[in-house]
Structure formats: structure tokens, C-alpha cells
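Chemist: This is what each chain is made of:
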Amino acid sequence: MNTKIRRIKKRGFSKTFIIIIAVILNITFSLLMGYWSYSWLPIQASEAAHYVDNLFAFETTIGTFIFLGCTGTMAWILVFNRAPKYDESNGEPLEGNLKLEIIWTIVPLLLVLGISTYSTSVNYKLENLGSKVKYDYGAEAPFIEEKKVFDYGPIDVISRQWNWEFVYPNGIHSSELHLPVDKKSNFRLITEDVIHSFYVPAFRLKQDIIPGSIITYSLTPTKKGVFRLRDAMFSGAYFSENQTNVIVESEEIFYKWIKETVKKELQNGLNPAGSLYQKRLRNGNRGWATVKPAPDPKVNDAGIESRPHDS
Amino acid sequence: MTIVNYDPRLVKSKNPYPKGPNDWKRFFSFNTDAKVIGIQYIVTALFFLLIGGLLAMLIRGELITPPSDLFDPTVYNGLYTMHGTIMLFLFLFPILSGLTNLLVPPMIGAPDMAFPKLNALAFWLVPVFSIILLLSFFVPGGPASSGWWSYPPISIQNPLGKMINGEMLWIIAISLSGISSIIGAVNFVTTIIRMRAPGMGFFKMPIFIWTVLAAQLLQLLGLPALTGGAIMLFFDLTFGTSFFRIEGGGDPVLFQHFFWFYSHPAVYVMVLPVFGIFSELFPVYSRKPLFGYKFVAVASFGITILSLVVWVHHMFYTGTPMWMRNLFMFTTMLIAVPTGVKVFAWIATLWGGNIRLTTPMLFCLGGLFNFIFGGITGVMLATVPVDIHVGNTYFVVAHFHYIIFNTIAFGIFAAIYHWFPKFTGKMFYEGLGKVHFALTFIGATLNWLPLHWAGLLGMPRRVASYDPEFAIWNVLASIGAFILGVASIPFILNMVSSWVRGKSAPPNPWKAIGLEWLLPSPPPHENFEEDIPTVLNEPYCYGLDKPFVEDEQFYIEKSLKKH
Amino acid sequence: MLTENQNPSLNHKPGHIKHDGHNMTGFIIFLCSESIIFFAFFVGYSVLKISAPVWYPEGINGIDLKMPLINTVILVSSSFVIYFAEKYLHKKNLWGFRIIWFITMLMGSYFVYGQYVEWSELSFSLQSGAFGGMFYLLTGFHGLHVITGILLMGLMLLRSFLPDNYKGGEMGVESVSLFWHFVDVIWILLFGLIYLWQ
Ligand code: HEA
Ligand code: HEA
Ligand code: CUA
Ligand SMILES: [Cu+2]
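Chains A, B and C supply the protein sequences, listed in that same order.
Here our numbering is used: the first sequence runs in plain steps of one and ends on residue 311.
Here our numbering is used: the second sequence runs in plain steps of one and ends on residue 563.
Here our numbering is used: the third sequence runs in plain steps of one and ends on residue 198.
Keep in mind that a hint or two might mislead.
[To be verified] Here are the simulated lysine to any residue pairs, SDA-like style, with alpha carbons at most 20 angstroms apart:
(1) B:K511 with A:E95
(2) A:K292 with B:L160
(3) C:K91 with C:V81
(4) B:K558 with B:P547
(5) C:K92 with C:L158
(6) A:K134 with C:S51
(7) B:K204 with A:G96
(8) C:K66 with C:G143
(9) B:K204 with A:L94
(10) C:K49 with B:P520
(11) A:K292 with B:P140
(12) A:K134 with C:I50
(13) B:K294 with A:E92
(14) A:K134 with C:P57
(15) A:K134 with C:V47
(16) B:K25 with B:I39
(17) A:K183 with A:S218
(18) A:K85 with B:M427
(19) B:K117 with C:M24
(20) A:K256 with A:I304
(21) A:K292 with B:K162
(22) A:K99 with B:G352
(23) B:K503 with B:P520
(24) B:K434 with A:P84
(25) B:K546 with B:L536
(26) A:K279 with B:L70
(27) A:K15 with A:L94
(28) A:K132 with C:V81
(29) A:K85 with B:A512
(30) A:K224 with A:H309
Derived from the structure by calculation, the hints contain no laboratory data.
Go ahead and model the full structure; you've got the sequences and the hints to work with.
Modeler: Structural data, given as C-alpha cells:
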């Protein structure tokens, strides 16, 4: 056996000492990781973000602790328990230890219970998802009475292969999603072809949009700015282009935008996939098969194609 | 029911392949010897690893810059779909079947599988569906390009309207792969239940056998659900039915349930044998008994049972009601408990051991290191609010490659090195093996660690182009991927040249305990032939002064005699 | 039989485990797995039916029960008949076995015929929405199993004329009979699901 470990073993005191130091170091580093983890995420721009980030930091802390605990032990073993060359003798023949087994079954169980209780409570705080109602395909999407109160809406979010269109309660159509800050807005998520997903990383929120069903959804933006809205459920050839912006502005500016947009004529909205497809046709239609992109949406506010975004 | 006495000599084939074990032609024939079939599976699967890896290189080449400049997006979609499909169904499942075929009969002291002909049939289906799948690259419109999930309605859109299209061939290939796996599973389960050596009760089986049993039972329970879903998808695509098509009142989300009811357990089908490999190798190279054998054995079944009730964690954001999300979040996280029992048992096995850092041990240690990481990101994904943010982003891609490549492929490499001398009769070159390990570990870490941040920042998966803010992570990942590509060179060199002209291997080069190590290297056609050993203890009694089989000396001497 | 150590020069016992053939074990495992496909279809049927805004295609309010009911009675009783065939075989009454076995085949064939008549009288098709698809998928998939069963029975019937066919046991007959019971149980579930739950 390695001389170093034998020396440590002789003085039982120093073994406990090393373990205590290691645990303290591990806890410190895990807390630091939890603290840093906030910086790995985009700007917090909705009410949900703060809850999600706290939960994530909590998990990062626990995860780091477990990971370092396990791999640190492994590293220790690799340093101190290496067999010298040509030594093929056996190690200590430990067959098991009931007490240890029980501890390492119960502790993870408790941890898991803790994490899931915590995230269940976050789930109930968020409650973004309203109802999901199937309707007969081809018919007009039915109107759904929402039980919950909200400040603005409902805005129809229509996703297609591959563009987004937003229809406001007063009938205006837009290619970008304008929202008033700090107000709970309500949406009706509608798709006309395949499954899409409404995903705004800065909001930490994502909801699939299912053909044949209408899904209501609500959220409260808390920060002014321009945020990317990305389709997050693979939807075919130009899936990666199926993005637009969410523009969160003060209530005043928002209502001004509504008022001014009503007056605008309908025009062609954002449709990056459409122009890429035209380019492909011009270049001889090479590549594998794809369905044709939906025509340009007819909107009052056409949006700006490469508007700089905050996150 | 009539009782027929079983005698291993009855299984002995009447006309064993004439030219004996050194004839390479038997690897190209409908041979019913499990050891030949095992090697057939493994070599075929490694070939497809190269193809899947090549596609991965193309993917990483495209993603090294933000715009989609290397390929048209339609081509990118086909590439990643085929990458996922090839890696899972042409590489991972076959290679695990191969290892299972090689190891199960010798490890339990059986002469062969219970149904040797079915076994060969299951193998020969692999080239059949592989060719069908690869042919789909050449049909008009290109191969399937709706992801390996093949979710409708996107998968049944069929833009060209042709009867024969990539998606259709994809479904056929997957169904054949399912049939092959079911045949294999029936065979493995029957063999393990019925053909163990005398004295080998369930609690004396090697852990690898436990994990194979747990994994194959999952195949039997889960695969038919996927097959059912695939049949319905096929009808929707080809015959215009409306199971998942909304126009006729179908429900696209129903397919997702069918798919994940199998494909979630499938990830444990893939990882369980690797847990088995870890449990076999750690005791050998730390020269200690496996810590808590019974707990490790039973934990496999804990995982099997739990894994049947967690599938909705892939569907948290599809409009799943709150109660269902909370329920499935909890069941998913519970899997951390039996898995933890295994992880801690392995670490305790290492503790105080006499560690030998051979190539297989390095791959095991690397695999365990990565598995703990990937498991923890798995638990993060299981928490609904976090999953709602990172679901369908590169965080998920990073999570599963951390397990599927950085753990499972590592475990498979470990197994290949560990049992290479046994089944080829040749030693491999340790130095090349270590180079392979170093390159693989560095490449894999550089490839997958950075992508977690891309995902956290909101980069969706399956995109051919992305916003420039994600570029840095993707550049790092692509460099890592190219290192992985280079890593395959020492591996191929090592395997090919060792097999052709390596030193010949002794029966037990690692001084391991286990029935397979009592056989000559390579083992004769019917393993123990007339002298099936009687097992006295589980095969982990390093330093314990407990005999492993009755009359061990007899078998050791017999294995040393050249046949 | 061969379970004794035949090589007395060895000083250890190469032990053998005593048990019946593996074929039955394998077959039972296979049937369990097979039943999951049906289970998946049944779940699919129920989910689609419960959640559909409209279930039956236009102009259809339900399916007629008479023909399927006769079919059910025939199929269920054939499951008893096959049991007697097996009994005869155990008693080594070969002709008794063959005759009763053949009667089971006839009953199975009548079922297929009945199914055919029912199909040809229906006014909806495979493409008639989720219901149409499900109806034909379930009855068709089950029908395929019935046909397979009949073919297997035919095979066993032919083989019973081979001399010494039952020397190694009656595995084949037992498996086919088990398969037939399986097909029968599936039908009962299917009948309840499609025809009774309207
Ligand atoms: C192949 C193997 C494999 C394995 C073993 C796992 C293991 C786990 N996976 Fe993973 N997973 C995949 C392969 C795998 N996964 C794949 C391929 C996908 C994506 C498919 C696709 O979308 O294309 C996926 C996706 C995926 C998702 C869906 C994400 C999404 O799409 O939004 C989730 C969510 O819950 C998840 C969770 C888990 C969990 C909780 C485990 C657990 O089993 C992990 C348990 C292990 C540990 C936790 C570590 C060891 C334990 C301890 C040291 C004890 C103490 C620990 C704690 C108390 C936390 N996985
Ligand atoms: C077993 C499964 C497996 C394995 C091993 C891998 C390995 C790799 N994968 Fe894969 N991947 C998947 C399964 C797998 N993947 C799945 C299921 C998906 C999801 C698909 C979907 O979304 O539908 C996916 C998706 C996926 C993506 C996301 C695509 C997207 O969402 O847009 C990316 C991108 O980087 C990627 C890259 C890689 C890379 C670089 C490797 C590298 O690790 C590869 C390195 C390997 C080699 C370079 C070959 C080396 C060869 C040898 C060592 C063999 C020697 C051979 C002989 C002796 C003959 N994969
Ligand atoms: Cu084969 Cu018992
Ligand atoms: Cu899963």
C-alpha cells in the first residue's frame, strides 16, 4: 500500500481533518458556482425569469457539490491508491456496508424530494399555461374565456412555416410582438401547419403551439428592450429562420404604437424564409425537398429585419 | 407441458463451420455462433460509428460559423436526422447487442444463445435495414429530415408527394431495427433465465448479466409501443389515414407519447449495459470486490421500473397539464436514487484499491466522470421550470451527448479493450490505447462542455444558422469535434494491427475473476463444452479467499492448453 | 437422459440444469411483448375517441353489432374447442386431435370470412378520419393474427402426419394453441372497445 495513505491512516485525526477541509472547500466553491450561474443566462426580462434563475442557481450549487464530491474522491484515489508498477496484489477486500448504502439511498432521495418540492412551488407561481382546447380543423379557432385576470390581450400569436404574425385585440397585424412592460399579457397560440414553439429566452418561457388545438398563455415582461423570439420546435427546412423580435416598451409608447399602427395600410411583413427560398429557386433549386414557405404575412407593422436585440 | 432434459451437448451444432476459428470467412456467413455474431455486430457497428461520426463532422463544420453557408438548410436537416438515427440504431444498439452476444454465453457458462438461428437472423437484419436507411440519401427529395423523433405533422408533409420517399424508408428501417431488437431481446432473456451454469443463482450472476436482463426486458416492454406508433405514422404518410393528421381529427401529440414511451426507456437500454461494464471493470483494475453487489444488482431493476413512468419529461412544454408535469418531474428525479446507489458503489469500489491505469480503466474512469456530470444536467432538465427554458436548446444536446458519447461510447471503448484479448486472442498496444483515450477525453470535453452555455443562453437545437452571439461556444465545440475525429485514427490502427499481428494473449491477462476468464483466448466454439463449471460465488471476490467455481484449477489448466 | 456425468475420468461434476425446452419460454416472452402493440393501439383508440371534437365520420352514428357478435361467439368458442384438441393429443388420440384441430381451423376461417363480409358492407374507409383509420387498423391487425394462427394450425396439422412428430414433445401444438388463446383475448378487448363502447 502507498506510504502516504498509510501515514494518514495512522493519525485518525488528520483524516477527519482532511475531510472537513474538503467539504468546506466544496461548499464554498459550490456556492460560488451558484452565484456565477446567473451570468450564464440571458437578461431577466419577465416575471418568470427571476424564479427560474434562482431555481437554476440552487440546482447548480447542489449539482456542483455532488459532482465535486464524487470526482474529488476519485481524484484522491487516483493520487493515493495507484498500484506501483508490477504490483498485482489485491486491495482491501471490502464487500459492502449496509449503513453506507442506506445513507446514500436516503440522502439523494431527500435531495430529490427537496428539489422537486421547490420546483413544484415555482410551477404554481408561474402558471403561464392557460387552457388547451381541440377544435375541428379548418374551422375558425374558437374563443376561449380565460378564468385568470390579465391586463392586456388576448393577442393572437400565429406561427407558420416560417413566419410569425401577431394580431392585436383591435385588429392590427404585426410582424413583431410589441408588449407593454409590467403588464400581464394574454395570448392565443395558433398554428396553421405543423408544431412550432413560442420561445423567448430572455423570458425563460417556452410553449409549443399545436395544430388542431388552441392554447392560451400569459406572461408579464418586466424589462424594456428588444428580445429574440425563436421557434424552438423543429418545423422544417427554414426552421432556423423562424425568429422575430419581442419589443417591450412602456405602456405609453405601447399604446402610441397601437394607435399609430391602426392607421397604417396592410403591407408585406417579415418573411426571411420566403426570401431565402426565392434565392434557392434562383440558384437552380438545389438541396433536398421542402414545402413552400407560407406567403408573406399581410401586416400593418412590417417590423425591421435586422433590429439589434438585447438578448 | 413435457419436460425435456437439457444437456449442453445437445446444443452443439452437428456441422460446426469446417475450418475452425481462424477462418475469417465465417464472419461473412450466416453463422450461428454467438461469438461470431458478436464480432459481426461490433465491426458493423463501428463502421457505422465512422459514418455517423462523418455526418457529425459535417454538422460541426456547418455550425462553426453562424450563417448556413456550407449546406442548404434542407440538407443540414437531413444530415442531423440521419446522424442521430445512424448513431442510435446502426451504431449504439448493434454494438451493445454485439457485446451482449460475446459476453453473455461465456459469462453464464452457456455454450451459445438459446436460439442461435434467430440470433443470426437478428444480426443479418442489421445490414438490411442499414442499407435501406442509407439508400434514402439517394431517393428524390433526400432522406428523412424531421429529426430522429419524426414528429408529425412535419414528418408526414411529404413535400414531393412521391410514394417512396426518405421518410418512408426511414420508418421501414426503424421498424426492421425494432424487429431485430425484439428477436434479440427474446433470445437474451431466455438465455439468461434458462442457461446459467449450475450454481449460478440470480445473486451470483455478474452485474453485466443483470444489466443486460434489465435492459432487454425494457426492450420487450417498450419497443412494441414505438412499433405501433411507427405503423400508424406509416399509414398516415403513405395511405392518407389521420391518426396524427389534424385534418381528419387525429392528434399529433399522441405520436409523441408513443415515441417517448419507448424512446425514454431506450436511453436506459443503452446505458444499463455500460453500467454493467463499469461494474465489471472497476473491481478488476482496483483489485477489490464490487462494493455492495446486491444493491448494485437490484438498482438496475429500480431503473428499469422507474424508466417506464417518466416519458412525459420530453413533453413538458407541449401543453401538458400542471399535475402531469409535477408528477413526471418527480418520477424522473427518482431515477437519480438507484443510479446514485451505483455511482457511489463504484467509487467505494475504487476506494482503497490498488488502481491500475490501463486503457480500459482510463475509459471507465473518464466515462464515470462524464456520467456524473451528464446525470446532474439530466436532473436539471427534469425540473420543469428549468426545462421550459432550456428544453430544445443545446443544453439538451450537450446533456445527452455527455451521456451517450462521453459515457456510453467511453464504456464501450473500455469494454472493447478489456475483452479484446479474450475474443481475438491478441493483445492490443497499450500506448496507442492511451493516446486514443487522451484525445477522446480532451475532444469530448471541448466538444460538449461549451455547448451547455450556448443552450443556457437560448440557442435552439436543430438550427442550420444561428445568431452571432452563440459563435464562440460553437467554435470551441467544433474544434473538440475535429479532435474526436482524429482520435479515431489511433483506435483503428490499434484494433486492426493488434488483431493481425499482436502478441498472442494469455487466457487471463488482467488476472480477473469471471467464467469467461477461465476459457482459453479465444474461447472454443462451445465455450466450456462438456465441462460446465459449477459456480460457488459471485465473480468479485478479489482478496476474499472465497473460491469462485468448483475445481478452479482444472479450468485454469484446461484454458492454458492450446487447442 | 444425458444428465449424468458421462466422463468418469473427471473428478468434478459438470452439472446440468434440468428443465424443459427454451422454445416455450421464448414464445411466452414474445407474446407478452406482442400484446404491448395491441395495448398501444387500444390506448391510441381511447385517447383519440375521448379527445375528438367529432368522432364518427359524417353520416355514421355507430356500427352494426349483429355480424361481429356472431363472430365473437365463434372465436371465443373456438378457444374451448382447441383445448379439447390438445387434450386428445395428450391422450395420444391422433385422429381425435386432427379432427378437432381442423374444426378450430374452420371456426377461425369463418371468423375471417365474417370480418370480410363486415368490411365490405361498411360505408366508411381507412381514410375516413381518425375513427376510420383506427377501426380498420385494429380489426385488420387482429385479422392478420387470426390468419397467422390458422396458417400455423395448418402447419401443425400437416406435421402431425409425419412419423415420430411428437417424440420430442408437443411444443409446436402447445405454442399455437397458446397463440390462439392470445388472439382470442385480444379480440374480446377489441370488441369491447370498438363495438360495445359506442
Ligand atoms: C442515453 C442515456 C441517457 C441517460 C442515462 C439519461 C439520463 C437522464 N436524463 Fe436524459 N436524455 C437522453 C439520454 C439519456 N439521459 C437523450 C438522448 C435525450 C434527448 C433526446 C432528444 O431530445 O433527442 C435526453 C433528454 C432528457 C430530458 C428532456 C429534455 C428536453 O428535451 O427538454 C430530460 C428531462 O427530464 C432528461 C433527464 C434525464 C435524467 C433525470 C436522467 C437520469 O437518469 C440521470 C441520473 C444520474 C445522476 C443524477 C448522476 C448520478 C447520481 C448521483 C451521484 C446521486 C446524487 C444525485 C442527485 C441527488 C441529483 N434527459
Ligand atoms: C450514439 C449516439 C450519438 C453519438 C455517439 C453522437 C456523437 C456526436 N454527435 Fe450527435 N446526436 C445524436 C446521437 C449521437 N451523437 C442524436 C440522437 C442527436 C439528435 C438528432 C436530432 O436532433 O434528431 C444528435 C445531434 C447532434 C448535434 C445537434 C444537431 C442539431 O441539433 O442541429 C450535434 C451538433 O454538434 C452532434 C454532434 C456530434 C458529434 C460531434 C459527435 C462525436 O462525438 C462523434 C465522434 C465520432 C467520430 C468522429 C467517429 C470516430 C470513429 C471511431 C472511433 C470508430 C472506429 C471505427 C472502426 C474501427 C471501423 N450530434
Ligand atoms: Cu439452454 Cu438451459
Ligand atoms: Cu428521457
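Chemist: Taking the earlier hints as the rules, which of them does this structure contradict?
Modeler: 10 and 28
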